[in-house]
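Participant: Following the hints, position chain Y against chain W.
Top to bottom, those sequences are chains W and Y. Note that the numbering used here has the first sequence beginning at 1, numbered continuously upward. Note that the numbering used here has the second sequence beginning at 381, numbered continuously upward.
These are computed hints drawn from the structure, not numbers from a lab. Positions of the beta carbon are idealized from the N, C-alpha and C atoms, including for glycine. Be a bit skeptical, because a hint or two may be false.
[Said to hold, decoys possible] Among chain Y residues calculated to face chain W with C-beta under 8 Å, some are: (1) Q469; (2) L488; (3) Q541; (4) N544; (5) V634; (6) M669; (7) H673; (8) E676; (9) D678; (10) L679.
2 protein chains.
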Amino acid sequence: MLKKISLLGATGSIGTQTLDVIRENPEEFKLTAMSVGRNIEEARKMIMEFSPQLISVQRKEDAELLKKEWSSVKVLYGEEGLVEVACHQDADVLVNAVLGSVGLHPTLQAIEAGKMIAIANKETLVTAGHLVMEAARKKNTTLLPVDSEHSAIFQALQGEQEKNIEKLIITASGGSFRDRSREDLVGVTVTEALNHPNWSMGAKITIDSASMMNKGLEVIEAHWLFDIPYDQIEVVQHRESIIHSMIQFHDSSVMAQLGTPDMRVPIQYALTYPDRLIRPGKRLDLVEMGKLHFEEMDLNRFRCLAFAYEAGRIGGSMTTVLNAANEAAVSMFLENKISFLDIEAYIEKAMSTHQVIHRPDLETIHEIDQQTRQLVSSWL
Amino acid sequence: MLKKISLLGATGSIGTQTLDVIRENPEEFKLTAMSVGRNIEEARKMIMEFSPQLISVQRKEDAELLKKEWSSVKVLYGEEGLVEVACHQDADVLVNAVLGSVGLHPTLQAIEAGKMIAIANKETLVTAGHLVMEAARKKNTTLLPVDSEHSAIFQALQGEQEKNIEKLIITASGGSFRDRSREDLVGVTVTEALNHPNWSMGAKITIDSASMMNKGLEVIEAHWLFDIPYDQIEVVQHRESIIHSMIQFHDSSVMAQLGTPDMRVPIQYALTYPDRLIRPGKRLDLVEMGKLHFEEMDLNRFRCLAFAYEAGRIGGSMTTVLNAANEAAVSMFLENKISFLDIEAYIEKAMSTHQVIHRPDLETIHEIDQQTRQLVSSWL
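With the rest of the complex left out, here is chain W:
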C-alpha cells in the first residue's frame, strides 16, 4: 500500500535524502506535503518532480510567488504552514527533518493529529523531551528515530524488552577534529570544521559533530526516546562509523546495528518500519574494512559533550538553554564572528547563569529559547 509522506525541511540534508528514498520507491511512497526554507529554486524542482498537494515556505513573499506559478498546489508559509504540512490529512508519516527548535511545535501538533513521526529533528527532543514523549504516550504514537545512532538502538530493540536494557552505547566518529589535541583546536577555521570524515551532512550538524555537541544532543535524545537514565548511556569513539550504536542487555549480551555510513538506510527503515525494503547499492564489507577501532571519549577535550550530560542530568529547562546557546553560538561561528572554542565557552556561560525551571511548558520553553539566543548574541 502506498505510504503518504509529509516532509518538514525538504531541502536540507535529511530532506533531500528522504526524497531520494521516495524517488527510489515510487510504488511504496508518495510525497504529499513538504516544507522548505528560503531555497525557492530547489522547491520549484521538487514540486515539478513530486507534485505534492501542499507546500509551505518560510516567507510570505516566496509563498505569493509560488502561488502564481502553481494553481494545483496549495502554498502556505511560516510557522502555521509548518504545522499544516506536519498534520496534512492525507499523510501517514511525518518526516521531521527541519533544523533547530522550530521543529517542536509541528511535532506536537502532528502527534495530536495521530501521525506516525520519523524524527530527525533532535532539538525537538532536546528542548522538550518531556512534552513530546508524554504526548506520544497519550496518543500511543511511535516515534521513529532517523538519526543513525538512534535508529541503530531502535532496531536493536526490536523483539526485546526495555526493562532488560543495561546500557546504551552510542558510537561517535569523533568528527572533523578527532585527531587534534585541545591546543590544536585553538583557531581552527570554519572550513576545517566542516570537513567531516565519514558523513555528508548539513553545516550546523557538521559543526556540532566537530565540537561533539552533536553527540551530546544525541545522548539527551536517547534518554527521552528510550527512557534510559544518563548514567546508562555511554559514548564510545568509533572512527569508522560502521557500528551505528548498541544496546547492552542485562544478561551481558550486546545487540548492534551496522552498515556503511548512508543516512538513506535509517530514513528508509523509519518509512518501512517494522518491515524492511530492498535497497540497492553498497553493502558493508568488514573484510575490506579490516579493522574497527574503539577509543575512549575524552570529555575534557570535548567539553560540549560533558555540558550535554550535565544539562541532561539537571533536566528541566537546562537542555533548552544548552541547545539554544549552541544554535546561537554555532551560527556566529559559521559567520566567522567567534572562534571554534568560543562555542563551548558561550554554552558554559549560558548554562551557568540560568535558573532552572522544572517541567517547563511549551510557552516557557519558547521564551527561554529566545532569551538564551538573545543573551548569547549580546556577548559578541
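Facilitator: Chain Y only, in chain W's frame:
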C-alpha cells in the same frame, strides 16, 4: 515461574555450563532429568547438588551402581535412557548438549513430545536437518540455538522477518591454527590443536575449530535453522570472537550480537527466551579491546569448510557422510593414529565414494552414518 530442564550431555562443556546457569538462578531453573556418559564420579556430584528425578548413563553396569546408591532417583541407561531424559514429562525445555549424531533420535522424540529444545548438538541438524525441521514445523516447536554463532543470528532475528534476510555472516575465530600456513599444518600435534585462542570447549569441537570443520558444521546448521540457501551464508574470520555473528538484511542494514566469549550467555538466553535474565560478571569493553579484526576465510587453507559447503549444497545423505567421516577421523587424530591433515583427506575420500540418497529417512541416515565410520576406520 520455575522452568524445568532436562539436559542431555551434562558432563560435557555445554552441559557443565548449563548447570552453572541453573546453579546461578535457583529461582528460575530446576534440573529435572539429565544424561551423562561414563563419567560416573561427576554424575554423583551432580545428583547430590541438583537432585534430578531421572538420570541416564551410557552403560548398564554404571546404571546398576547408581541405582543402589540412590533410591530416590530413577536411573536408566543407553539410547532408551537418552530418549526418556529428552522427553521427561516434567521438563519444559530440553537442552541437547550431547556430542555427535547420537543426539538425533532423542531430539526427534522430544519434538514429538512437544518440548522446547535448546540445541547445542549441531550434528543433529547436520545429519538430519530436513527431518528435524519438518518435525519442528509440524509440532510448531521453537528450536533455540545454543551455539554462540546461531544464538547471535537468532537474537538478531528477533523482531525481524526471515523474508528480509539477504545474508548470514558467521564469524570464525580461526581456531588454534589461524596464523599458520597450510605447510605449517603438516605434523601439528594434538596438544597444539587443542589450544584454542578464545573459547574453552570440549576436545572434539576444539579440533573441529582448528580444522574449520566446526565452522562448516555451523554453516549447515544455520542453513537448516534459518532456512537460508548456502550462497547466502558467508564466513568471515574475526579473531577476537566478539561479534558472534550477523544478519545482513536486504535494506543493507546489518544486525549483530556481541559479547565476551562465554557460552553461558547463549545458554542462558535459550533458557530465558524470549526474555533475558540478569547475568553478573564481565561486560564487553570495546575501548579496552581497542580493535576488532576481520579477515577473509581462506577455503584453500581450511579445506574442511569447503567440504562442508559442498556437502551442504549436494544435500541428501552427503552431510551425514561429512559428519560421520569427520567424527571418525577426529577420534583417530585424538588417539594419535592419524595426522591433522589426514582428517580432511579422509573426509574428502569418504565424500567422493558416496552415492547420495535424497531425503534419507532416519534408518538410512543411521546406516550411512555407521557405514561411513567403519569405512573411515578401515583406512588405517
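Participant: Confirm or reject each hint.
Facilitator: Taking the hints in turn, this is what the structure says about them:
no.	hint	in the structure
1	Q469	29 Å, violated
2	L488	28 Å, violated
3	Q541	7 Å, holds
4	N544	4 Å, holds
5	V634	4 Å, holds
6	M669	6 Å, holds
7	H673	6 Å, holds
8	E676	5 Å, holds
9	D678	11 Å, violated
10	L679	13 Å, violated
Against the hints set out earlier in the document, violations occur for numbers 1, 2, 9 and 10.
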